[in-house]
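Build out the structure end to end from the sequences listed, making use of the hints.
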Amino acid sequence: MPKSMSVVREAIAGDEADDGMAERAVAEQVAAGRKVLPIVEAVVLVAALVAPLVLQDYLTVFATRVIILALFALSFDLVWGYAGIMSFGQALFFGSAGYGVALLARDLDITNILLVLPAGTLIGLTFALLLGGFLLLGRHPSSVIFVSLGTLTGSYAADRLARGWYYLGGQNGIPSIAPMTLGAYEFSEGPPFYYLALGILVVVYLLCRFLVRSQFGLALAGLRENEQRIAFFGYKAQHLKAIIFAIGGAVAGLAGSLYAFHEGFVWPNMVGVVVSTQVVLYVLFGGSGTLIGAVIGAVIVEGVSFWLSDNYREVWPIILGVLLLLVILFRPLGLISFVLGERERVGSFGGKSRETGKEKRDAAP
Amino acid sequence: MPLLEATGVRKIFGKLTALDGAALTVGENEFHGLIGPNGSGKSTLMKCIAGAEVPTQGKVSFVNTDITAFTPTERARAGMSLKFQITSVLPSLTLYDNILLALQAQSSLFDLVFSRTRGLLHDQVMTMLTQFRLADRAFDAAAALSHGQQQWLEIAMALAGKPKLLLLDEPTGGMSLEERRVTGELLQPIKKHCSLVIVEHDLDFIRDICDRLTVLDQGKVLASGTVSEIQANKAVQEIYLRRA
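Order-wise, the sequence lines are chains A and B. Take the first sequence: its position 202, counting from 1, is numbered 202 in my numbering, and each next residue is one higher. Take the second sequence: its position 223, counting from 1, is numbered 1223 in my numbering, and each next residue is one higher.
No lab work stands behind these hints, which were simulated from the structure alone. Model, not experiment: these values are computed from the prediction. For every residue, glycine included, the Cβ atom is placed at its ideal position computed from N, Cα and C. There may be inaccurate statements among the hints.
Claimed, not checked - Non-contacting residues of chain A with respect to chain B, defined by C-beta distances greater than 12 Å in every case (computed):
#, residue
1, V144
2, S148
3, G150
4, I230
5, N269
6, L335
Claimed, not checked - SDA-like cross-link-like pairs, simulated, lysine to any residue; straight-line CA separation at most 20 Å:
#, chain 1, residue 1, chain 2, residue 2
7, A, K35, B, D1140
8, A, K236, B, I1067
9, B, K1191, B, T1025
10, B, K1162, B, Q1106
11, A, K236, B, S1108
12, A, K236, B, K1162
13, B, K1162, B, Q1131
14, A, K35, B, L1186
15, A, K236, B, E1030
16, A, K236, B, F1110
17, A, K35, A, R345
So, in C-alpha cells, the structure goes:
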C-alpha cells in the first residue's frame, strides 16, 4: 500500500512512475481524474472565445448577458458552494451596484469604465459587509435558516424600496443609461462588450480559483463540511464566512454594474427575489462547489430558457422547472458531476509541484 | 491550581436532569478518566467542559479563567481541544490536508490566502503524521482509512494546536484489541505537555493509561481518586462495576 501511494504522489508531482503495472494503472487513473477539470475549463473558454464569430449579432448580445450572469453565478457559488452560506439575496448586491452605476451615469455623467466598475464592485462589497456583518458575525454561529431568511428579506426589502422610491425611478427603474466609456471609446452592444465581459469573467474566475485553492479555501472546505469542528480547532469561523460573503458581494456588484450598462437600464427586479432565486438555480444546476459548474449552469439555464421560450411559448417555464427538478433530484452536485469525481471536486489546496516533491521525499519511508 | 476545574455543573434538558452538581478537577500533565454507567452524564459533562453545551448552572475554570461562557473558538485559543465521539475527519480531504487544516487554525488571513502555511507548517504536519503512524498514507483521502486509523487521525488533529488539555470522548469505540493497545501507546508521549480527560467504556484501557478517575452516577460524582482508590471503592463496585 505505501508503495502504491508513492506512485500516486509521483504521478501528482509529474515524475515518472516506474513501478508495477497495477500500480501504474492506479497512478494513471488518478492522473486522468485530475485532468477533467482543466479540460472542461479549456473547452468552455474556447467555446466562449469563438462564440461571437459564429453567432448572429442578436445572439452575441444575448451571449454577453449570459457571460455577465455567469459572473454573477460565481459570486453565489463562492458563498454557497464554497462556504455553505445560503444567500437568497445575492441580487441585492447585483442590483444595488447596478442602480449605483446607473445613478453615477445619470446624475454625474460618470461612465468611465475605470470608475464605474470599481464603484459597482465597492457598492456590492459594502452592502455585503453590512448585511453579512449583521447576519454572520454574532457571538454564536447563525443558523442556515436565519441567514437565508435574512438575505431573502434584504433582497425583498430592496425590491420594495426601489419600487417606491421616486429618485430611483420607482416601478420603471432608470432607463436609457449612457454607454460605458474609456476615453472617447464607447462600449456598445455586440462583440466589443462581449469580449470585455468575457475578459472580466476570466480574470475574476482565475482570482476565485486562486482563492478557493489556497489554504483559505482549505479552511472553507472544512467550514462547509463541519462548522463546529472548525471552530473547535480555533478558527474564527464567523469571520471566515463574513469575508467570503463580502467577496461574493463584490463580485456580484461587478456583475451588476456590467449588466446595467449592457442592458442600458435598471429596474426593481434586479435587486429582488426573482433574480436572487435565478442565481441559486444556475449554481445548483451546473454544480455548486466548482467554479466552472456555476458558469456552465448560467449558460445552460439561460440558453435553454431562451430556446424553450422561442419554441414553446406557453409551457416553457414548466419544462424548465421540471428539468431543474430532475437535475436537483438525481444530480444534487449538478451537471458537472457527470464528468467530475468527488475527489477532484474537493481538490487539492495550494500544492505546488515543488512542495509536493518535498512532501514526497519526506513522506517516503 | 488545577488546570481544569468544573464545579457544581447542572444541565437540564427539558424534564431530564442530565447533570446534578457534577464536578471534575484535572491537574497538569494528568490523564483523567471519566467513567460511569450509561446515562450517568459523562458525555454531557464533557460537552459542558468543551463548550458544545452550556451548563444550566455551575462553573468551568481553565488555567485560572472562568470559561463557562466561552465559545468553542475561544476555548480552542485558550488551549483546550477535543475529539468528538463521532469521527469528524473531513473524508474527501487527504490526511495531510486534514492535519494542516487543524494546524493552521490560528494563522493569519494573509498566510492562508497566499498558502504560506503549507510551507511553514509542513514539517509539523509530517511529524504529527509520523507520530500517529499515518505518514505513509499522507496523501490518501481520509475516507480510505480504517475506522481505527480515522480515530488516530482525529486525535492527531485534536493535538495539532498543542493544547494544554485534550478531551477525548470514547477514543477506542469500535477499535480492535490491537488498535486499542496502539492507541494507548500513541497517547503516552503527549503526557509531557498535555493533560487528558477520557470518557471510555473500556475499563482496562482506562486503568492502563489514567492516573486518576472520576465516577459519575445519575449526574452526580460518586467517587474520585487514583485508579487503585477507585478500584477499592465499595460504592463504585456496587453501582458501576456490577452493572457494567
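Inset, instruction - Could you grab the alpha-carbon distance between A/K236 and B/I1067 and see if it respects the 20 Å cut-off? - result: The given pair, whose Cα atoms are some 17 Å apart, holds under the 20 Å limit.
Legend entry - Beyond 12 Å from every chain B Cβ - status for A/V144: holds, 18 Å
Legend entry - 20 Å Cα cutoff - pair A/K35, B/D1140: holds, 18 Å
Inset, instruction - Compare the distance between the alpha carbons of A/K236 and B/S1108 with 20 Å, and conclude whether the hinted pair is satisfied. - result: holds, 11 Å
Inset, instruction - Starting from A/K236, check that the Cα of B/F1110 is at most 20 Å away, please. - result: Given pair A/K236, B/F1110 holds - Cα atoms ~14 Å apart, limit 20 Å.
Legend entry - Assertion that A/N269 lies farther than 12 Å from chain B (Cβ): Fine: 35 Å to the nearest Cβ keeps A/N269 off the interface.
Legend entry - Assertion that A/I230 lies outside the chain B interface [Cβ separation over 12 Å]: Nearest chain B Cβ is 8 Å from A/I230, so the label is violated.
Inset, instruction - Measure nothing beyond the straight line between the CA atoms of A/K236 and B/E1030; if it is 20 Å or shorter, mark the hint as holding. - result: violated, 29 Å
Legend entry - Hint consistency between A/K236 and B/K1162 [alpha-carbon to alpha-carbon, up to 20 Å]: holds, 18 Å
Legend entry - A/G150 and chain B, when compared Cβ to Cβ, separated by more than 12 Å: Correct as stated: the minimum Cβ-Cβ distance to chain B is 20 Å, above 12 Å.
Legend entry - Pairwise hint evaluation, B/Q1106 against B/K1162, where the allowed Cα distance is 20 Å at most: This hinted pair holds, its Cα atoms lying about 12 Å apart.
Legend entry - Pair hint outcome, B/K1162 versus B/Q1131 [Cα-Cα no greater than 20 Å]: holds, 14 Å
Consistency note: the structure conflicts with the earlier hints numbered 4, 14, 15.
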